[in-house]
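Q: Combine the two chains into a complex, taking the hints into account.
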Amino acid sequence: MTNLDQFESVFKSADRQPFSEEPINLEKVLVVTDGDAQQTEQLNYQLRQFFGGLEHAIDPPYSSLMGDQFSNVKQLLEKIEQVQPDMICTLRNLHDPIPELPYSLGAYVDVMTQVISCPVLLVPRHDQWSKTNEVMAITDHLSGDNHLVSYAAALTSPGGTLILAHVEDEQAFTRYISTIGKIPTIDTAIAEEDIRDQLLKEPADYILSCQQALEQRSGHSIQVESVITLGHLLEDYKRLINRHEIDLLVLNTKDEDQLAMHGLAYPLAIELRDVPLLLL
Amino acid sequence: MFLIASQATVSLSVKILFACLLLALIVCLALEEKLHAKKSVIAGLFAVVCLFLGSVFQILPFAPVVVGSQPATESASPEVDESHTGGQHEGGHEVIMPVYVPAINWGVIAIILGSSLFVDVTSKSGLFTWIAIRVTKASRGDPLLLLYFYGTMTVIFSAVLNNVTAMIIVGSLTVVSLDKLKLRDKLLGFLLIEGLLTNIGGLLTLISSVPNIIVGTAANISFVEFFLKASPYVVVATIVTLMLGARLFAIRRIKDPEQKAKALEQVEGFDETDGIESWGFFWFSVVMLGLFIITIATTSVLPFISDLEMGFVALSFSAVMLIRYKAEADQFYKAIDWDLIAFFMSLFVVIYVMEYAHVLNEIGNGLQLVLSDITAESASAADTSMLLIGSAGFSSVTDNIPLAAMLANILNSLGTPHESGLWWSVIFGANLGGNLTPIGSASTLVAVTIMHKHRVPMSFGGFVKIAIPYAVVQIGMALVYVLLFLR
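Sequences listed follow chains A and B, in order.
The numbering of the first sequence is the numbering used here, which starts it at 812 and goes up by one.
The numbering of the second sequence is the numbering used here, which starts it at 198 and goes up by one.
None of these hints come from the bench; they were simulated from the model.
Heads up, some of the hints might be wrong.
[Said to hold, decoys possible] Derived contacts from chain A toward chain B, CB cut-off under 8 Å, selection only:
id : residue
1  : Leu815
2  : Phe818
3  : Glu819
4  : Val821
5  : Phe822
6  : Lys823
7  : Asp826
8  : Gln828
9  : Pro829
Note that beta-carbon positions come from the ideal geometry of N, C-alpha and C, so glycine has one too.
Same shape as in the complex, but just chain B (with noise of 0.2 Å):
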């Protein structure tokens, strides 16, 4: 839901004291570890005051919304804010309604919601680590090979999962894998790797990352086309950031055939069946998974599905599965991560006030300074090697969805088309970002934190020395690709 901003006019000293108010928010959510505050929390508050201060200075719509309703020349209800329907509409039906649900973008809850509640419920059928295991096994227990397919792994869980969980999967069964195999010494090396990882197949689809549900359904990119626009480079960048990490890791193939006889008696000691409960329900997974991948991809094409979007997908297969699970769904329900679902909608909020506060207006124009032609179907290389960069350097030292959310909705009012790499250069910047520091992304947060519970020292220096190589890396790869093929 990207709204048309209010054409009331605002005074400067208020346009100032949103745009405080919005920096103040990014800094709190830089410093989050330190605050000790959840981010649900920190932007809960702002969300609070920015509501407060909106009505104090009567800048916000308290006009009911209208739903229903069809584009037309004249106004239905002159009595209705244009702004809630984004311009002259007639028919339809008033809906009073508080200001700040109108602010929530309930599509991306919606997937958001649906998404972890079906990963979970699915979990439980013990498919995930029965993959796991799997691959582990395939490994014959060998370092590198292990590493590689560890990788490729969280790569494919966080394109089709979420990051967090697979890095959360892969991460637990490594240090599980390594300390069986008695390679602790290697656990920094696969954990900060597949850290980085998880951000890269984050890339791979529409729904990988929240960053690209925000930007990609702003631009109106299909699934399939950021699949294929996306996954060469997600290739090509695993790759890469494979060998780099074997090659700076020490992380080599066991010669030795006694060690090998001892590595693979050791892996086989997993059993793949142990955390599956019913059999049935674990085929039943699978075929549900498969299926979701293609509904999910084909939202777009889908009859009747198409209208009601990627969000009744991914809450209608959650609902399904919960079958299983009737009598304890609530235990899912718990499960859910509230703190994250109440950090969008009230960033959602912050933002929908900072819209009519004319703070995204202003933003916008400086980045128009700034870049040279936001408009243009093809950007120009400086353009989205600013965009792309900028966009990398502010996630890494802050979340990437409130900068995704920002820069989505400028650009989008600010008349980007479809076809300019611009939305790419937000999208890939907000997404690597997150490789640059500990606290860029969520799932390098995990990374750090299961080093911390096996005491693997990791420092935010420490860290930032160890992963900026590939990073580097990353990012440059990044701007060719996106400059060459993308823009």
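Here chain A stands alone, though its shape is the one from the complex (with noise of 0.2 Å):
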């Protein structure tokens, strides 16, 4: 093995990223409405239900805007803008006339995803979630990605389960194995094997540094499982949520590259109409 790029791979392969936690800060919570003070109150009762379970309970105080204090998007974000909060919990389709059409977010989740910084909590507009037991985090590049662990880590009951879900698009990769079986000097089956076995063990090897950090932090223990696969990421990521029974999902819907939600993102989010959703 004389060759340069070889143990140029072999120390990248090396060169793991190990989890690191983050501290999440919540000492500010906004709970955005359309509705009026008694659905207001009605739903940070369901917050305070819903985060009820963690050890350290997240019980910030709630500032709430209800509907008649914002008819437009600008509007909402100076509203925003003067509390500062640290995370926002709202509901789908704000000030829609038909709040459950299942083809969009609406304009308000649209633009807070994108452009404000903190993350904003998506729940149900029915009162069937108020536990943290199972929390699944996805994403089609889990390696090294702290910030989305650290806040699934955070918003999981003590004892509960944190599944940490990673899968890489199939299609993507059966597109380039087909062009690489188009080159004659690559070995297809090889290099089949490995990229395969590579892009698959880098997620587990970070799922692995994920374990130990969190299954034996002091106070807040959690169990925390790994689903690495190779397949659709739409259909296998509502496949998995719905067999693990999840009771939030948490992912990732920034995208440095454009304005709008994160491909994976945005599908899901409005197709998973009855699990909450941290969108980051």
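A: Take a look at the structure:
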């Protein structure tokens, strides 16, 4: 193995990104609804239930923005700017004539998730959500995403289970392997096996370091499970979420390269209307 | 295999023709990069032309070769060319083989082939990457400690493995770890120092570099003698080079505790076990590497083994290591640097023809005119200095292997005694000359290749400008050392 690139690959592969827990501060939570005071108070109560299971119970002062306090996106953003919350809790399709329209999130949520830097907790309009025993964090690039895992871990009840899911896009993988198959200088079978192994090894290594850190921490011990697979992103995530009966789904929504919501987050946020989603 | 030149007369015009061919080969090797041709192709073409012209001018010995003969006062077979037997011999048997087969020094080829195969298979155990990452962790991410540790590791790897492999391992780790530590601006300094130290490490043992093997075997220097005589210089030169490098490239220790903690956290992220597929094979490799070094070091005194020489040891160890990969051994054969092997073989053929064309004799005569007394047991200070500086200068612009092969052959045929410091002048000059220019040695060329790969601009002139203070100090120290202790 006297090839320069071979040794560089070995060292790059040995360069792990161990999990390092980020402190999560939730000192101010802003609840944004399109309802009246009673509906808003009900949502506040539901949120206290939801976060109440946490050992260091997240019980920050809840500020509220009710439906009559904003009538356009600009107004809403100005109000949020005044409060400077650490997290926003809200509902889909605010001020939409049909609030359960299953084809969009509504203009307010769209803008909030992309313009506001703090996380947005998107909760169902019904009240069938009250605990965080089963939390799932998903991404197609899990390795090194300390921010995502730290939020998911902070919102998992003590003794609860945090499922870290990484689904590698099989369609993209197949397309690359098909291209490699047309290059005579690359052994397709070896390339397919090696690339697949390496793609799945990186999240596996990272999840292992998450397990070591989160299962052994004092005071807030949680169980960490991993799901690493090659598959169809949307379908596999939906299948995993249904199978595990998830209480909270944590996912990234911001994409540095675009103004719109991250490719995978948008369809999931639209379709998974019965599960609270923490959009980072 | 250093042959005694043929006694047949060769005309001046033929000598000039072959001398021009030798000069052309040296120039072509110096311009290897410009010609976009591999060394093996260049030397191979010259070998073909030399053999053909040697046959045309009837200067080559086409008689059968005698093997297994004993020295005698009378020739056992008058038909056999004495040049092949080194004088009058009796017994043995004649073997018919192409003239270019005995031209090649198969002992040297066996050492290079066996060692590179052994190192390649041992690398697969993850041993070298394990060592490299442990060294990185031991530095705690401190830039100065990292430079010292990587520098020392380069020297040791160069000595135990070979210069090119050492540069590849340490150079590629340097890129990854400096990237991780956000010290990309120090990459040039690290790579340059490591490149220069490969040639220092290449001086440590008899098998650390090809010039050592060629000159050492010609001078009959044992592994242990070589190590004992070269190691003091290697230690001092390494320390001086590292200190000079740290100063000139402003590589300093981290003082801020917060930065220290962050650097430590960064290097702790490396997992040294990542490249280890099997712990059993890992520990087997550790034992085999230790045994390899011990056996090579003691080959000359080991019963039975001493007659089989170091090439046998290297090939045997590689064969044992290959048992682990017996079903995929062909992958390792593919990874062998056949360009280097073919280059050596071609070069030996060219030198062989030059010997029969009496070109080496003429160079030797020229050398005798310049040097006062080649055959003196204690070489004069002027001869030692001239040969060392001349070898360094020559090695800086072209490959040091033809120089080593040519000078070893000439010194040997002129009867330079084993104790003479002239051998050491060639060894030190041929190794250290490579530090003057980026094309002076394969390992500095690898260092420059890594720089270019990672977009660190480095021209020929730029390299010379930066490397010259180090090279001058190293060659100056070598000169003083040879004059004081090895002459």
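Q: Against the structure shown, which of the earlier numbered hints fail to hold, in ascending order?
A: As far as the earlier hints go, not one is violated by this structure.
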